[in-house]
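Protein chains: 2
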Amino acid sequence: MRVRVEIHLKKGVADPEGDNVLKALKLLGFPDVTGVRSIKVFEIEVAARTAQKARASVEEMCRKLLANPVIHDYRILL
Amino acid sequence: MRVRVEIHLKKGVADPEGDNVLKALKLLGFPDVTGVRSIKVFEIEVAARTAQKARASVEEMCRKLLANPVIHDYRILL
Chain A
1 MRVRVEIHLK KGVADPEGDN VLKALKLLGF PDVTGVRSIK VFEIEVAART
51 AQKARASVEE MCRKLLANPV IHDYRILL
Chain B
79 MRVRVEIHLK KGVADPEGDN VLKALKLLGF PDVTGVRSIK VFEIEVAART
129 AQKARASVEE MCRKLLANPV IHDYRILL
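Which chain is which? The protein sequence lines are A and B, in order.
Be aware that the first sequence starts at 1, since it is given in the working numbering, and climbs by one per residue.
Be aware that the second sequence starts at 79, since it is given in the working numbering, and climbs by one per residue.
Hints in this document: simulated from the structure, not taken from any laboratory.
Ideal Cβ positions, reconstructed from N, Cα and C, are used throughout, including at glycine.
Heads up, some of the hints might be wrong.
[Stated by the list, open to error] Derived DSBU-like pairs: lysine-lysine, alpha-carbon spacing no greater than 30 Å straight-line: (1) A/Lys11 / A/Lys26; (2) A/Lys11 / B/Lys118; (3) A/Lys11 / B/Lys89; (4) A/Lys64 / A/Lys40; (5) B/Lys89 / A/Lys64; (6) B/Lys142 / B/Lys89; (7) B/Lys118 / A/Lys26; (8) A/Lys64 / B/Lys142; (9) B/Lys131 / A/Lys53; (10) A/Lys40 / B/Lys118; (11) B/Lys118 / A/Lys10; (12) A/Lys10 / B/Lys104; (13) A/Lys23 / B/Lys118; (14) A/Lys64 / A/Lys23; (15) B/Lys142 / A/Lys53; (16) A/Lys40 / B/Lys142; (17) B/Lys104 / A/Lys23; (18) A/Lys23 / B/Lys101; (19) A/Lys53 / B/Lys104; (20) A/Lys40 / B/Lys131; (21) A/Lys10 / B/Lys101; (22) A/Lys26 / B/Lys104; (23) B/Lys101 / A/Lys26; (24) B/Lys131 / A/Lys64; (25) B/Lys101 / A/Lys64; (26) B/Lys101 / A/Lys53; (27) A/Lys53 / B/Lys89.
[Claimed, not checked] To list a few chain A residues with every Cβ distance to chain B over 12 Å, as calculated: (28) Ser38; (29) Pro69; (30) Leu78.
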């Protein structure tokens, strides 16, 4: 079963990658860009019998490894 | 207008980040995980009058900065 996890920075947390992409785009001649946010996505293949079990397992992966609760929010998409 | 760009590695291109997340998950006690692919997403705010113009502009950003055509595929979502 393929599960998708999207890891966002929380609102108010600095996003240096997004900020640098924004700067670079402006320098490259895209003056109409007003903001860039970076998001990390993992597509995880899990051998689980039910969607519910897959979600619970990926939820635990987020807590244990993928997301830092101080700065990240995550969304699990099945 | 908010445009979302998803930047994937092409099939066959090594994904060391995904591979390392997979290894770490196995070490942390998730034996059911069989694969992890990493994807980079940018949410770009563009001041464009039409969706078509926003898409064309982001397409150019991908070609000029965001994606490396040798190893990346990208998908623009409006």
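Cross-check of the supplied hints:
no.	hint	result
1	A/Lys11 / A/Lys26	holds, 23 Å
2	A/Lys11 / B/Lys118	holds, 19 Å
3	A/Lys11 / B/Lys89	violated, 33 Å
4	A/Lys64 / A/Lys40	holds, 16 Å
5	B/Lys89 / A/Lys64	holds, 28 Å
6	B/Lys142 / B/Lys89	holds, 22 Å
7	B/Lys118 / A/Lys26	holds, 20 Å
8	A/Lys64 / B/Lys142	violated, 37 Å
9	B/Lys131 / A/Lys53	violated, 43 Å
10	A/Lys40 / B/Lys118	holds, 5 Å
11	B/Lys118 / A/Lys10	holds, 17 Å
12	A/Lys10 / B/Lys104	holds, 27 Å
13	A/Lys23 / B/Lys118	holds, 18 Å
14	A/Lys64 / A/Lys23	violated, 33 Å
15	B/Lys142 / A/Lys53	violated, 42 Å
16	A/Lys40 / B/Lys142	holds, 21 Å
17	B/Lys104 / A/Lys23	violated, 38 Å
18	A/Lys23 / B/Lys101	violated, 35 Å
19	A/Lys53 / B/Lys104	holds, 17 Å
20	A/Lys40 / B/Lys131	holds, 26 Å
21	A/Lys10 / B/Lys101	holds, 27 Å
22	A/Lys26 / B/Lys104	violated, 42 Å
23	B/Lys101 / A/Lys26	violated, 38 Å
24	B/Lys131 / A/Lys64	violated, 42 Å
25	B/Lys101 / A/Lys64	holds, 14 Å
26	B/Lys101 / A/Lys53	holds, 21 Å
27	A/Lys53 / B/Lys89	holds, 28 Å
28	Ser38	violated, 6 Å
29	Pro69	holds, 16 Å
30	Leu78	holds, 15 Å
Comparing the model with each earlier hint shows violations of hints 3, 8, 9, 14, 15, 17, 18, 22, 23, 24, 28; every other hint is respected.
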